[in-house]
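Asks: One letter stands for each residue in the lines below.
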Amino acid sequence: MATEPASGRRTGTDLVKRGLATQLRGGVIMDVVTPEHAKIAEDAGAVAVMALERVPADIRRDGGVARMSDPALIEAIKAAVTIPVMAKARIGHFAEARVLEALGVDYIDESEVLTPADDEHHIDKWQFTVPFVCGANNLGEALRRISEGAAMIRSKGEAGTGDVKEAVRHLRQILGDIRKLAQAASSEIYSWAKQLQAPVELVREVADTGELPVPLFCAGGIATPADAALVMELGAQAVFVGSGIFKSSDPPRFARAIVEATTHFKDPQIVAKVSRGLGEAMRGQEAGAVEVRLSERGW
Amino acid sequence: MVRGEGRPVGVLALQGDFREHVELLRRLGARPVLVRLPADLAAVEGLVIPGGESTAMSVLLQASGLYEPLAARLQEGMPALGTCAGMILLAREVLDGRPDQCHLGAIDISVRRNAFGRQRESFEADLEVSGLAGPLHAVFIRAPVVERAGPQVEVLARVDGRPVLCRQGPVLVSAFHPELAGDPRLHQWFLQSLTQRKENVRAF
Chain A
1 MATEPASGRR TGTDLVKRGL ATQLRGGVIM DVVTPEHAKI AEDAGAVAVM ALERVPADIR
61 RDGGVARMSD PALIEAIKAA VTIPVMAKAR IGHFAEARVL EALGVDYIDE SEVLTPADDE
121 HHIDKWQFTV PFVCGANNLG EALRRISEGA AMIRSKGEAG TGDVKEAVRH LRQILGDIRK
181 LAQAASSEIY SWAKQLQAPV ELVREVADTG ELPVPLFCAG GIATPADAAL VMELGAQAVF
241 VGSGIFKSSD PPRFARAIVE ATTHFKDPQI VAKVSRGLGE AMRGQEAGAV EVRLSERGW
Chain B
1 MVRGEGRPVG VLALQGDFRE HVELLRRLGA RPVLVRLPAD LAAVEGLVIP GGESTAMSVL
61 LQASGLYEPL AARLQEGMPA LGTCAGMILL AREVLDGRPD QCHLGAIDIS VRRNAFGRQR
121 ESFEADLEVS GLAGPLHAVF IRAPVVERAG PQVEVLARVD GRPVLCRQGP VLVSAFHPEL
181 AGDPRLHQWF LQSLTQRKEN VRAF
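First to last, the protein sequences are chains A and B. Going by this note's numbering, 196 is the number at position 196 of the first sequence; the sequence numbering is gapless. Going by this note's numbering, 16 is the number at position 16 of the second sequence; the sequence numbering is gapless.
These are computed hints drawn from the structure, not numbers from a lab. Ideal placement from N, C-alpha and C gives every residue a C-beta, glycine not left out. Hints are supplied without guarantee of correctness; some may be wrong.
[What the hints assert, rightly or not] Chain B side only, calculated, beta carbon under 8 Å to chain A, not exhaustive:
id: 1; residue: Asp17
id: 2; residue: Gly52
id: 3; residue: Ala63
id: 4; residue: Gly65
id: 5; residue: Arg118
id: 6; residue: Glu124
id: 7; residue: Arg142
[As the list claims (entries may be wrong)] Computed footprint of chain B on chain A, listed as stretches where at least three residues anywhere in the stretch have a Cβ under 8 Å from a Cβ of chain B:
id: 8; stretch: 17-24
id: 9; stretch: 41-54
id: 10; stretch: 77-84
id: 11; stretch: 127-137
Given the sequences, and given the hints that come with them, work out the whole structure.
Replies: Here is the structure:
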């Protein structure tokens, strides 16, 4: 006869926080700025939405200080969909993060897309029940964020450009270093930790397992189904698409096509099929030519 | 201990934590086969539907042409294990699902999605399970719950009095993620149902 749990429930554990990221693998997380966008994303098969006031391309265009979104907007988006809702806090802005936790968002993105609030300290993410995702350009940065409690890492890329080059560079950097580290002798781990500026325990864990202790997703510049297939093949476990969907000529079709390409990234016939006659991708700008490099934010 | 004996077992790999299921099945000696397209279904003797987002998997099941052949195999009695989103997809009825959400109707239950709340309320706990000696460590991530279980359905574990682990013939579903906690006992049950099915087929 089934009975109640033998012992109490534990919330906010590593397993529970990383567990949600694990469920999102193989999926697409889409930036949305209205409840209508959120519904389009859910209809297309997004695994989660990122609720924000402006997509990164518009943040870039408008300039000024970019902050956490209005709670009313986040709540309206939460009410519109049944999939997980994420929202962004500024780097180091733990008060914004507390607000987002109080609103019941499912994942907090401590994001370089917003204007950093602290040029030295990131948020102490262990203090929260809700899990965090953070950006990283390289393995050392990824491990520093994990040491602060991040339960998911996304390679940063260059958000709002529609140029996938930086996303590719950051993914290759992180995964290439993991491959090298996995070959290192045990006595070399200390020197690796020094070079990476990361805790030796985490460095050893990566050396032993050959992967990060949390899921690694990719963000920043993905604009087409083939871009999604590219980063999945390189080793991303899921993709964030920011401006790429709602700055395209046909958002519902782009959204669906990127979802299918992310699942079937190993099958070029399917990527070809979903790319056919798709219309115009976001115009974008070359990542090397932008004035503000968002990916340089974070320490 | 039940061994998989190299049996080809499908793991639906459209989205979600299929890798964890693959690792558990391998540990038990089965031969996991990733299922993304209808042709992948042909060789498998049973199917695991992993955790993930049920709405996304539903879109992808239809887009890949898998929905109908999969429903047909389940109708013929193919053994299945569904965890979290997998439970939702195997259920007869989804109470608050999207109107276009597909469900395979392989087990006579009605489920409610995200029944324990949002991620903030996600939890881990030890469950007592009928037929298992010792508690099963279970991870509930934005988990669904069974609100109605039909007369043919065995309820094997509950939380707050609500069913979270159910079985009907060769179909086993959990609201939680045994694949995240790494306890292989539910996967052993699933592999046992493959063996039983083979024996039944021989008996005819």
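Asks: State for each hint whether it applies.
Replies: So, going through the hints one by one against the coordinates:
1. Asp17: Holds - the Cβ of Asp17 of chain B comes within 8 Å of chain A, reaching about 5 Å at its closest.
2. Gly52: 5 Å, holds
3. Ala63: Status holds, d = 6 Å.
4. Gly65: Status violated, d = 11 Å.
5. Arg118: 5 Å, holds
6. Glu124: 5 Å, holds
7. Arg142: It holds, given that the least Cβ distance between Arg142 of chain B and chain A is near 7 Å, below 8 Å.
8. 17-24: holds (count 5)
9. 41-54: Answer holds; 7 residues pass the 8 Å Cβ test.
10. 77-84: Held - the stretch 77-84 of chain A has 3 residues with a Cβ nearer than 8 Å to chain B, which meets the minimum of three.
11. 127-137: holds (count 3)
Hint check: a violation occurs at hint 4 only; the rest are consistent with the structure.
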